[in-house]
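S.K.: Sequence:
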Amino acid sequence: YVDGKIRFQGEDFKVTLAGDYSQNDDANGNGWQNENPAKSFFTYRFLMGASGFTAPGSATGQLLFGALGDTALAALPAAYVNPQQGKFDTVGSIEHHALQKDYGASATADIDLPLFTLTSITAFRWNQSQFRGDVGVGNVPIAGFETNFRRRFIYQEVRMVSTGDGPFTWLAGATYFHEKIQNSLASVVLGLTFPPTIATTKTDAYSGYAQGEYELTDKLKAIASVRYITETKSALYPAQVVTIFNFAPGTPVPGRPQGLVPGQAVPKATGSTGVDKFLPSFTLSYGLDGGGNAYARWARGLKTGGANPLVHPAQTLGTINAFKPEKVDTYEIGLKTNLFDRKVQLNTAIFYNDYRNLQITRTGYTGLAFVLINAGKAETYGAEAALNWQVSPVFSLAANIGYLHARYIDFKSPGIPQLQVAPFDLSGNTMVQSPEWQGGLTANLDMPITDQYNLSGTLLYSYISKYFTSDENSASVSQDGFSLVNLRLGVRTEDNKYGVYLSVKNVFDKRYALFGSFSGTSEYTIPGAPRIIGAQVEVKF
2 YVDGKIRFQG
12 EDFKVTLAGD
22 YSQNDDANGN
32 GWQNENPAKS
42 FFTYRFLMGA
52 SGFTAPGSAT
62 GQLLFGALGD
72 TALAALPAAY
82 VNPQQGKFDT
92 VGSIEHHALQ
102 KDYGASATAD
112 IDLPLFTLTS
122 ITAFRWNQSQ
132 FRGDVGVGNV
142 PIAGFETNFR
152 RRFIYQEVRM
162 VSTGDGPFTW
172 LAGATYFHEK
182 IQNSLASVVL
192 GLTFPPTIAT
202 TKTDAYSGYA
212 QGEYELTDKL
222 KAIASVRYIT
232 ETKSALYPAQ
242 VVTIFNFAPG
252 TPVPGRPQGL
262 VPGQAVPKAT
272 GSTGVDKFLP
282 SFTLSYGLDG
292 GGNAYARWAR
302 GLKTGGANPL
312 VHPAQTLGTI
322 NAFKPEKVDT
332 YEIGLKTNLF
342 DRKVQLNTAI
352 FYNDYRNLQI
362 TRTGYTGLAF
372 VLINAGKAET
382 YGAEAALNWQ
392 VSPVFSLAAN
402 IGYLHARYID
412 FKSPGIPQLQ
422 VAPFDLSGNT
432 MVQSPEWQGG
442 LTANLDMPIT
452 DQYNLSGTLL
462 YSYISKYFTS
472 DENSASVSQD
482 GFSLVNLRLG
492 VRTEDNKYGV
502 YLSVKNVFDK
512 RYALFGSFSG
522 TSEYTIPGAP
532 RIIGAQVEVK
542 F
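All residue numbers for the sequence shown refer to our numbering, where the first residue is 2 and numbers rise by one.
Hints in this document: simulated from the structure, not taken from any laboratory.
Source: prediction; values computed, not measured.
Beta carbons: idealized from backbone N, C-alpha and C, even for Gly.
Some clues are possibly wrong.
As the list claims (entries may be wrong) - Calculated pairs, EDC-like style, for lysine to aspartate or glutamate (alpha carbon to alpha carbon, straight line, at most 16 Å):
1) K222 with E180
2) K222 with D166
3) K344 with E380
4) K234 with D205
5) K511 with D481
6) K203 with D166
7) K234 with D277
8) K304 with E232
9) K498 with E539
10) K181 with E232
11) K304 with D205
12) K102 with E232
13) K304 with D330
14) K498 with D447
15) K467 with E437
16) K181 with D103
Stated by the list, open to error - Now the in silico label distances, taken between C-beta atoms and shown as ranges:
17) T194 with D103: 26 to 32 Å
18) K498 with L18: 19 to 25 Å
19) S414 with L336: 38 to 44 Å
20) S484 with A536: 21 to 27 Å
21) K269 with G11: 51 to 57 Å
22) S273 with W127: 21 to 27 Å
23) Y229 with H406: 28 to 34 Å
Generate the whole structure from the sequences, applying the supplied hints.
M.R.: In structure tokens:
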């Protein structure tokens with residue numbers, strides 16, 4: 002990872018140029034552990050039922066191999082077993098791999114004018130990502146994939162911020178965002194590679210916003226804002242050759258071939274979605290003696306919808322896997338205060354979030370990517386507190402704790418035959434990766450050891466209670482509560498321009514799951530990083 006900034010400054014203006022580049026090329030974040038090897042073994046036998054097993058051949062296997070012919074049959078190893086896994090070892094007949102390259106540049110200009118400061122932000126970003134693996138999570142190929150994404154976007158913002166001293170202050174601005182993503186997904190079924198599904202998605206979004214702040218008294222002020230957004234997302238599926246998967250012979254869909262049908266030439270298809278929305282917010286803030294404030298806030302938020310680029314409409318009887326915008330109303334009451342001559346800062350808050358059309362991924366069309374759908378309604382509420390204590394000029398402590406209740410209120414479907422999404426009712430389940438409790442302790446040391454050098458270090462302890470990684474709240478891919486400890490210690494120069502540090506992440510080598518999936522063919526989790534010992538050299542100029 003490399004980044005840098007250059008600043009040019011005059012009497013009434015400044016211009017900042019920034020850029021960065023990063024690259025990751027390993028299995029980090031994309032290695033899977035099989036939580037139910039017996040299910041993977043059964044899936045393989047089920048699909049390979051026509052290949053000479055003494056067990057009767059499955060209807061799915063007959064359909065599959067009827068389409069491909071006997072020459073395509075793979076052989077199951079006679080001594081097939083799932084290999085033993087260490088707590089960080091991952092399994093896959095296709096190497097789990099992640100390649101990510103990312104770079105960007107930006108230019109920010111600030112000009113001081115008589116009544117306001119004018120700011121312009123121009124940014125460009127480019128990203129390339131590639132992921133591959135096998136959702137069968139075994140040592141024989143079952144259902145592999147390789148995805149490739151190339152993303153480019155440009156962003157422009159112009160903003161005005163008032164500089165007056167009166168009881169009323171304001172800011173206003175406008176933004177433009179354009180994004181283009183080239184997507185592809187290649188499937189590998191039982192070791193046989195099929196042509197990728199290819200699509201290009203584009204986003205064009207404009208917004209205008211304004212905020213006003215008025216001092217009602219010397220302590221009480223009101224803040225109101227509004228943002229208007231208009232956005233269009235389009236998906237282009239060029240003419241191509243696709244593979245149609247249908248491994249549900251018991252529930253045929255009219256118009257869809259049974260089994261696996263490769264090499265289907267399909268014409269170009271397009272789809273688009275759009276949204277136009279006002280997003281208001283309102284805050285009341287009361288200043289406290291000694292600094293800090295008590296506040297109450299309401300805001301409306303939006304996460305725009307779109308179309309799934311990895312599922313071609315020809316594979317779903319002409320149905321584009323489109324999903325609606327996600328909406329949320331947020332309510333929050335909080336307190337920020339200074340104590341003991343500002344040596345201690347205490348921040349607390351309680352909140353409630355009301356979600357509509359929450360965007361969710363579900364296992365759907367066999368052999369393809371997850372489909373994207375909307376949950377009707379969900380809610381979260383909770384409380385959080387953070388305490389910072391400057392014990393001495395060279396030593397500080399911090400602590401935080403949070404409670405969260407996160408539930409799907411209305412999340413059910415009679416099924417979506419075109420996408421092969423089975424009927425489900427998950428209303429009342431806990432939302433994924435939503436632990437009930439979180440907390441942490443941090444100790445920071447920055448102590449002079451000579452006139453030129455400081456000893457600098459951080460010790461971080463964190464705790465997360467049990468959470469689920471699947472909407473079904475499956476116990477097999479859930480994560481029990483766990484603790485992590487990270488440490489960083491080194492020496493820096495007194496002016497903070499140079500530093501040398503030793504760091505240890507996950508000091509006690511704790512195994513925990515970042516993500517998991519539960520389906521009819523496999524159950525797997527993605528473990529977090531093991532203990533990592535590293536060294537850093539910092540140079541600031």
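S.K.: Would you check the hint for K467 and E437, treating anything up to 16 Å between C-alpha atoms as holding?
M.R.: Distance of about 7 Å is within 16 Å: holds.
S.K.: Starting from the range 19 to 25 Å, see whether the pair K498 and L18 falls in it by beta-carbon distance.
M.R.: The hinted range 19 to 25 Å holds for K498 and L18, with Cβ atoms some 20 Å apart.
S.K.: Given a hint of 28 to 34 Å, does the C-beta separation of Y229 and H406 actually sit inside it?
M.R.: holds (33 Å)
S.K.: Between K498 and E539, is the straight-line Cα distance small enough, at 16 Å or below?
M.R.: holds (8 Å)
S.K.: Looking only at beta-carbon atoms, does the pair S414, L336 fall within the given range of 38 to 44 Å?
M.R.: The hinted range 38 to 44 Å holds for S414 and L336, with Cβ atoms some 42 Å apart.
S.K.: Between S484 and A536, does the C-beta distance stay in 21 to 27 Å?
M.R.: Given range 21 to 27 Å: holds, Cβ gap about 25 Å.
S.K.: The hint says 26 to 32 Å between T194 and D103; measuring C-beta to C-beta, is that right?
M.R.: holds (28 Å)
S.K.: Given the hinted pair K222 and D166, is their Cα-Cα distance within 16 Å?
M.R.: OK: K222 and D166 at ~14 Å, within 16 Å.
S.K.: Mind checking the alpha carbons of K234 and D205 for me, to see if they're no more than 16 Å apart?
M.R.: Roughly 7 Å between the alpha carbons, so the hint for K234 and D205 holds.
S.K.: Tell me if the straight-line CA distance from K181 to D103 falls inside 16 Å.
M.R.: holds (15 Å)
S.K.: Assess, step by step, whether the Cα of K304 is no farther than 16 Å from the Cα of E232, and give holds or violated.
M.R.: Holds, because 11 Å separates the two Cα atoms, which is no more than 16 Å.
S.K.: Compare the distance between the alpha carbons of K102 and E232 with 16 Å, and conclude whether the hinted pair is satisfied.
M.R.: With a Cα-Cα distance of about 27 Å, the restraint between K102 and E232 is violated, given a limit of 16 Å.
Checked against the numbered hints above, the structure breaks hints 1, 3, 6, 12 and satisfies the rest.
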